[in-house]
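When you get a sec, could you build the whole thing from the sequences and use the hints?
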Amino acid sequence: MTQCDAPPPLSRWETALMAARLFAIDPAGLGGVSVIAGPGPVRDLWLERLRGALASGAPVRRVPAHIEDDRLIGAVDLTATLASGRVVLQMGILGEADGGIVLIPMAERLSAGVAARIAAVLDRRELVVEREGLARRIPARIGVVAFDEGVSPEERLAVSLRERFAFHLDLRDLSARGLANLAIDPSETAAARLALASVEGPSADVVEALVATAAAFGINSVVAPLLALRAARVAAALAGRRAITEEDAVLAARLVLAPRSQMMPDEAPDETEPPAPPDDPGADEDGDDDDDDDTEPATEPPNLEDIMLAAVQAAVPDDLLAKLKTGAGGPQPTGRNSRLGAAKSSALRGRPTGVRMGALRPGSRLALVATLRAAAPWQAVRRNDQVARTVSRPIEVRREDFRFKRFAQRRESTMVFCVDASGSTAFHRLAESKGAVEMLLAEAYVNRTFVSLVAFRGHGAELLLPPTRSLTRAKALLANLPGGGGTPLAAGVDCAVLVALAERSKSREPLVILLTDGRANITADGQAARGRAMEEALDSSRRLAAQRIAAVFIDTSARPRAEGSDLAAAMNARYVALPYVEASAVCDVARGAASEFFTEPLRPR
Amino acid sequence: MVFGDRGTGKSTAVRSLASLLPHMQVVTGCKFNCDPGSPVETCADVCDARRDKHCPTHKTVPVPVVDLPLGATEDRVVGALDLERALTRGEKAFEPGLLARAHRGFLYIDEVNLLEDHLVDLLLDVAASGENIVEREGLSVRHPARFVLVGSGNPEEGELRPQLLDRFGLSVDVRTPGNLADRVEILKRCDAFERDPEAFDALWRNENESASALIAAARERLGEVAVSDDALEAMSRLCMATGADGLRGELTLLRASRAAAALAGDEAVGDAHIRRVAAMALRHRLRRNPLDESGSTARVERALGEVFAS
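So the sequences go chain by chain: A and B. So the first sequence is numbered by my numbering: it starts at 295 and just counts up by one. So the second sequence is numbered by my numbering: it starts at 728 and just counts up by one.
To be clear, the hints were calculated from the coordinates, so they are not data collected in a lab. Heads up, the beta-carbon is just placed ideally off N, CA and C, and yes, glycines get one too. Hints are supplied without guarantee of correctness; some may be wrong.
Covered stretches of chain B (chain A as the covering partner; in silico rule of three or more C-beta atoms under 8 Å from a C-beta of chain A) [to be verified]:
#: 1; stretch: 787 to 799
#: 2; stretch: 802 to 809
#: 3; stretch: 812 to 821
#: 4; stretch: 836 to 843
#: 5; stretch: 870 to 884
#: 6; stretch: 905 to 911
#: 7; stretch: 914 to 928
What follows is the structure in structure tokens.
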């Protein structure tokens, strides 16, 4: 009877629909919803429900992942400006969406720059335009729906945006039929929208329970409880209440806090009310709380915090729960909130797009249309100029009009270290590779190199460091490296190829640096069979070569044998023997290869 | 430079500077925030707010804290010709940019690590020289642009070039508070502000004003704070011990500890003041050692221990 106060867990569809309902009531306050779902009927159906629940006439705008500032923020509308004689702003999407929502399909491909621009608008609820002679502040009270279509956990929406969203949904593996009978009544959400302003402030209990629950699940952020509190207020308005009740707070905690869990509460917060232990099979999803609690003596009614802990625990998504249980990272109460979240962030910076001003230099490419566009407004002024009158030209183009294509500015690259973490020398090899990664990152600002680290051992390969340019992140993620076991070389190479291809899709040219003694002995299906493992490794190497991924093979065996050079040949890689692996030597090899592969003109593909 | 965790209120803190700082006097109608006390000729070439009048009026305004949004174009940053006047009247008139607006105040860039390199270089250049020069359409404008550049960002989004970091005087590292009581208090205040911003403002106005008065009084005293040779020596030794490159670290350390002494109401810079500001003045200037696990703040603390132990 003790936990009967906690409302029964919602099904996944009910959760998704409840999030849509709350979000539709106050999109700007709740920031956004990130939805992991590929395009398809499930997603469409959910979105349809959400759109139906928005305020009538609320704009819905789409933001393509590679949008440029002109379209996102706004620009001078040249035609209208020239025609009317006053500066006319061509409103960007963020301004157009005021009072409504923006949709971001393929949100995992959003660059850090675009994500930061949207995040700024979410924070300020207005758009600051400082572009092309225009200075405007435009109200932009928007909510964001980001559809995350990445296939791997490494391809996710930028954390900077995700953490500003109240709701994180996962619609994968849901069937559209489940939603058929669930609907949102738009009159309900409309009424709640009106009632929202009159909901009173939360009680101290609610505030404390939200903060304590967030902390118990390792959510090291003050933003998450704030979003949960806002969600609780919206839930109260939806229920037609003037005050936030426990029920509202528990619902909000489930929706907002559960998907953000970084760990399971490792000890019962109160001896009389232990929440279902994390290793209790079935306690997470079946909602059948009664049977394990019946036996426990209930000395006092459970307080809000305990109810909330139990409810959140029951609502932690399955896949996240599995990850937390296997101790991926383990409980880290003091850990930064980057533990899991950061693994999904993108450090992509300023994708080379658009045009820029500057002096004409050899090699720079003129953007003709942009140049003419820049010159157009000034024609009248220039015709009045003394100099111009002497020689009459149809169009007066001056040096300051020149606009250049920006991609000439830089080319980014990614080094993917693929490290053999098997056998007795694993620790040494990993430690030196880590040293090399950090040394390269320490100078990455010079050549804009991203670095990533894949390790393989035992029965598989693991992406230990997703591509990053951040030394801070690398240090946090590479703090303790596992080592030992067999050599699943093929799995390692395959994983490196996947990372490399994902990088190439982000316009960063990959370079794979493989460190191994080349003695594969574990097959793809986990068998210890040297012969077949070697064949598979050769196959994987050929696949790498077929993708034309630049590679270096660093042979770390004490006495190099033919296997190493065979593999290097199969992957069309440069072969380097480094029996005494040392960070600075690895660094030199990587640098040398990078300068050779990346400074020459674009290699034909 | 404010580095730190997401969602710790870095931007909010920077933007609220305006309400903490003593107000300043400007010439009415001047788009360049001219100080009425400065000679007329230091004003911008194109500013006629004072030149045309014998007796220009003054007004008191809050210190400007100007946001430079990502996506701002260069012409809006440095200033350009007024497009509308060019179109309607065929006139060439200078339209000041964000640098003019930030004169005598602060220019704030959130996510500074995402700002385009050429803009960052330009800003640092102007911040160092205190003057903005624009050449457009045969018009040449020069105006004072003395501002404090404030940047914030998350190191996980990409790091800053060290040459750039070194140009920032002070650097602080912000972490999410680990203490539950603090988090509860933050949540309560955020909620109170959201529900009634004006009441919240009224509630804290007195505290803001007393902080502002404290700062004003400290500014008055600043010139009289004495710095002994011993203190100077301690600063130099500290910089040598940490290996902070260049003289910029020492200069910043000197200015910051003098300001700390003034704020504390002390007449001379002592060890306590140096200790207080050492980490923020030096932590971003240390040469990076990727193999040294300890953070730069810890390295400064270590050096402090060495220097002041003897």
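Quick rundown of the hints versus the structure:
1. Check result for the stretch 787 to 799 of chain B against chain A: holds, 6 residues qualifying (beta carbon to beta carbon below 8 Å, three or more required).
2. Chain A is given as covering the stretch 802 to 809 of chain B, and this holds because 6 residues of the stretch bring a CB closer than 8 Å to a CB of that chain, at least three being needed.
3. With a threshold of 8 Å between beta carbons, the proposed coverage of the stretch 812 to 821 of chain B by chain A holds, since 6 of its residues qualify and at least three are required.
4. Residues of the stretch 836 to 843 of chain B with a Cβ under 8 Å from some Cβ of chain A number 5, which satisfies the need for three, so the listed coverage holds.
5. Check result for the stretch 870 to 884 of chain B against chain A: holds, 4 residues qualifying (beta carbon to beta carbon below 8 Å, three or more required).
6. Counting residues of the stretch 905 to 911 of chain B whose beta-carbon sits less than 8 Å from any beta-carbon of chain A gives 4, enough to reach three: the coverage restraint holds.
7. Figure legend: the stretch 914 to 928 of chain B, annotated as covered by chain A; annotation consistent (7 residues with Cβ-Cβ distances under 8 Å, at least 3 required).
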